[in-house]
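Asker: Generate the whole structure from the sequences, applying the supplied hints.
Chains as they are written, first to last, in my numbering: chain L, 18 to 125; chain Z, 3 to 113.
There's no promise every hint is true.
[Unchecked claim] Over the 12 Å line for every Cβ pair with chain L, so calculated as not near, a few chain Z residues:
#1 Asp28
#2 Asp61
#3 Glu64
#4 Glu74
#5 Glu81
#6 Ser82
#7 Ser84
[What the hints assert, rightly or not] Derived pair list, reagent style DSS-like, types lysine-lysine, alpha-carbon separation capped at 25 Å:
#8 Z/Lys5 to Z/Lys57
#9 L/Lys87 to L/Lys73
#10 Z/Lys59 to L/Lys112
#11 L/Lys112 to Z/Lys55
#12 Z/Lys59 to Z/Lys20
#13 L/Lys73 to L/Lys112
#14 Z/Lys72 to Z/Lys5
#15 Z/Lys57 to Z/Lys72
#16 Z/Lys73 to Z/Lys20
#17 Z/Lys15 to L/Lys112
#18 Z/Lys73 to Z/Lys57
#19 L/Lys112 to Z/Lys72
#20 Z/Lys73 to Z/Lys5
#21 Z/Lys20 to L/Lys112
#22 L/Lys112 to Z/Lys73
#23 Z/Lys73 to Z/Lys55
#24 Z/Lys20 to Z/Lys55
#25 Z/Lys55 to Z/Lys72
[Claimed, not checked] Partial list, computed: chain L residues near chain Z (C-beta under 8 Å):
#26 Gln50
#27 Gly57
#28 Pro60
#29 Lys112
#30 Leu113
#31 Gly116
#32 Gly118
Hints were generated in silico from the structure; no laboratory data involved. Think of the CB as a built atom: it goes at the ideal place given N, C-alpha and C, for glycine as much as any other residue.
Read off the chains here:
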Amino acid sequence: TQLLEQSPQFLSIQEGENLTVYCNSSSVFSSLQWYRQEPGEGPVLLVTVVTGGEVKKLKRLTFQFGDARKDSSLHITAAQPGDTGLYLCAGAVYKLSFGAGTTVTVRA
Amino acid sequence: DVKVTQSSRYLVKRTGEKVFLECVQDMDHENMFWYRQDPGLGLRLIYFSYDVKMKEKGDIPEGYSVSREKKERFSLILESASTNQTSMYLCASRRLNQPQHFGDGTRLSIL
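Answerer: The structure is reproduced here in structure tokens:
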């Protein structure tokens, strides 16, 4: 069983639409990270959130850490084909545990 | 920029072979990690190393071993490769308590 559950597993949307990816757990994390992975490459860190309730924005991407530090969401506004990729969340306790990922496809 | 380099992008081996996957980082990071990535399972930690000559088992160490003789190099060894070890293998490194930086992965096929 995964320590971190991501939903949905797959998401296909049209360019210009918004999307949200969720990352949930019953465990409390000291920090949570979001990565994006493109085909044939390793994951690249997008953001780290540390404080419960924290919201971070990275251009059209908004990341939120739940108040209890057990869950997080990633929201993309006006998605573009360049946002296509596998989005992974990872929570840190004494080591990093990864979710299974959400495959996002943005159609032009 | 941090550079984590994995020696092979694609590798095909036969069952029973001893397989070596090499990873080198150029930023003097203390910690290094080996993961495997399988569809629907995400990244699972095989082994990690806090420092030279130190290693710790991750979540799925069976069938694998590691070597860290120098700080910049972390090797993953499949003692006797089996078909269920066909996977994408990712190496990562980090400075203590900082985010991990990943290599581009090695797609290993065991026939």
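Asker: Hint by hint, note whether the structure agrees.
Answerer: Evaluated hints:
| no. | hint | result |
| --- | --- | --- |
| 1 | Asp28 | 15 Å, holds |
| 2 | Asp61 | 8 Å, violated |
| 3 | Glu64 | 18 Å, holds |
| 4 | Glu74 | 17 Å, holds |
| 5 | Glu81 | 24 Å, holds |
| 6 | Ser82 | 27 Å, holds |
| 7 | Ser84 | 23 Å, holds |
| 8 | Z/Lys5 to Z/Lys57 | 22 Å, holds |
| 9 | L/Lys87 to L/Lys73 | 16 Å, holds |
| 10 | Z/Lys59 to L/Lys112 | 12 Å, holds |
| 11 | L/Lys112 to Z/Lys55 | 19 Å, holds |
| 12 | Z/Lys59 to Z/Lys20 | 19 Å, holds |
| 13 | L/Lys73 to L/Lys112 | 23 Å, holds |
| 14 | Z/Lys72 to Z/Lys5 | 16 Å, holds |
| 15 | Z/Lys57 to Z/Lys72 | 12 Å, holds |
| 16 | Z/Lys73 to Z/Lys20 | 23 Å, holds |
| 17 | Z/Lys15 to L/Lys112 | 31 Å, violated |
| 18 | Z/Lys73 to Z/Lys57 | 12 Å, holds |
| 19 | L/Lys112 to Z/Lys72 | 23 Å, holds |
| 20 | Z/Lys73 to Z/Lys5 | 14 Å, holds |
| 21 | Z/Lys20 to L/Lys112 | 29 Å, violated |
| 22 | L/Lys112 to Z/Lys73 | 20 Å, holds |
| 23 | Z/Lys73 to Z/Lys55 | 8 Å, holds |
| 24 | Z/Lys20 to Z/Lys55 | 21 Å, holds |
| 25 | Z/Lys55 to Z/Lys72 | 8 Å, holds |
| 26 | Gln50 | 6 Å, holds |
| 27 | Gly57 | 7 Å, holds |
| 28 | Pro60 | 5 Å, holds |
| 29 | Lys112 | 7 Å, holds |
| 30 | Leu113 | 7 Å, holds |
| 31 | Gly116 | 5 Å, holds |
| 32 | Gly118 | 6 Å, holds |
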